[in-house]
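Counting the sequence shown from 1 gives a position; the numbering used here is that position plus 56.
I should point out that these hints are in silico values taken from the structure, not numbers from a laboratory. Please note that a few of the clues may not be correct.
Think about it this way: if two alpha-carbon atoms lie no more than 27 Å apart in a straight line, the pair counts; the simulated DSS-like pairs of lysine-lysine are [said to hold, decoys possible]:
hint	residue 1	residue 2
1	K276	K259
2	K317	K259
3	K312	K259
4	K305	K319
Derived Cβ-Cβ restraints for the label pairs, each shown as a range [as the list claims (entries may be wrong)]:
hint	residue 1	residue 2	range
5	M302	N159	18 to 26 Å
6	S224	M302	17 to 25 Å
7	E72	A204	39 to 47 Å
8	K319	E72	18 to 26 Å
9	Q303	R200	49 to 57 Å
Using N, Cα and C, we set each Cβ at its ideal position, and we do this for glycine too.
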Amino acid sequence: MQAISYKPEHFLWSFEGGVGTVTLNRPDRMNPLTFESYAELTDLFHSLGNTPEVKAIILTGAGGNFSSGGDVHEIIGPLTKMDKAGLLAFTRMTGGLVLAMRNCPQPIVAAVDGTCMGAGAIMAMASDMRLATRHAKTAFLFNRVGLAGADMGACAILPRIVGQGRASELLFTGRAMGAEEGERWGFYNRLVSADDLMAEAQKLAGRLANGPTFANGVTKHQLNVEWDMSLTGAIESEAQAQAICMQTKDFERAYKAFVAKEKPTFEGN
């Protein structure tokens, strides 16, 4: 699949200036996910590892909401009739979307407005940075439907963003986290007006796209793999990663631009 000219069936995709934008597009239902959209989103994020033209990603929803999570009628209902093997296949598939998002080298900026719940909250969590409006309401609501908060990596990732105690509260209760609270807890990088949400997301993603994209991919990789390393292992891993980055032409370009008192132009190699 060639991501830059991709024409998905279950969400919108656009590409401009090195930035790809994924828009969940079922606004009449607050952009719920289906079995098909899970699979198609996973395929897209997998493909980005082989699409260097795409340098950063924006993930958002249409119609004033991010996502209400799994579709009640198209996912939740059928799950109540599946056997154990089918249920495990489903939960592994949904977790696979998070792995695809974390493993794609491009940084992902979630632009969140309105409802951001269930699997929608997980997709925001799995992004690298999150911007939100003051209307954003985020809930990991699995507990409220009789399920564990341990879903799609939430128990691994969410505490690293907001801390163990705060993550525990959100996952044990399923309550909604308001936008100001989310910013204060570090879930949201910052809040912006609804009118400015996409412009601010594009500005941030554009800055990332114009940066040293090879090095950005290394940063994302290291943020992932150093979770379960000792400090000694992490320092050695970063030493090797940085030595690789120092062999790139972008590093040389930055030095020459600094000497010439110019702004560097990075090319991702």
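Consistency of the hints with the structure:
no.: 1; hint: K276 - K259; result: 19 Å, holds
no.: 2; hint: K317 - K259; result: 24 Å, holds
no.: 3; hint: K312 - K259; result: 26 Å, holds
no.: 4; hint: K305 - K319; result: 15 Å, holds
no.: 5; hint: M302 - N159: 18 to 26 Å; result: 24 Å, holds
no.: 6; hint: S224 - M302: 17 to 25 Å; result: 41 Å, violated
no.: 7; hint: E72 - A204: 39 to 47 Å; result: 40 Å, holds
no.: 8; hint: K319 - E72: 18 to 26 Å; result: 21 Å, holds
no.: 9; hint: Q303 - R200: 49 to 57 Å; result: 51 Å, holds
In terms of the numbered hints stated before, the structure departs from hint 6 and from no other.
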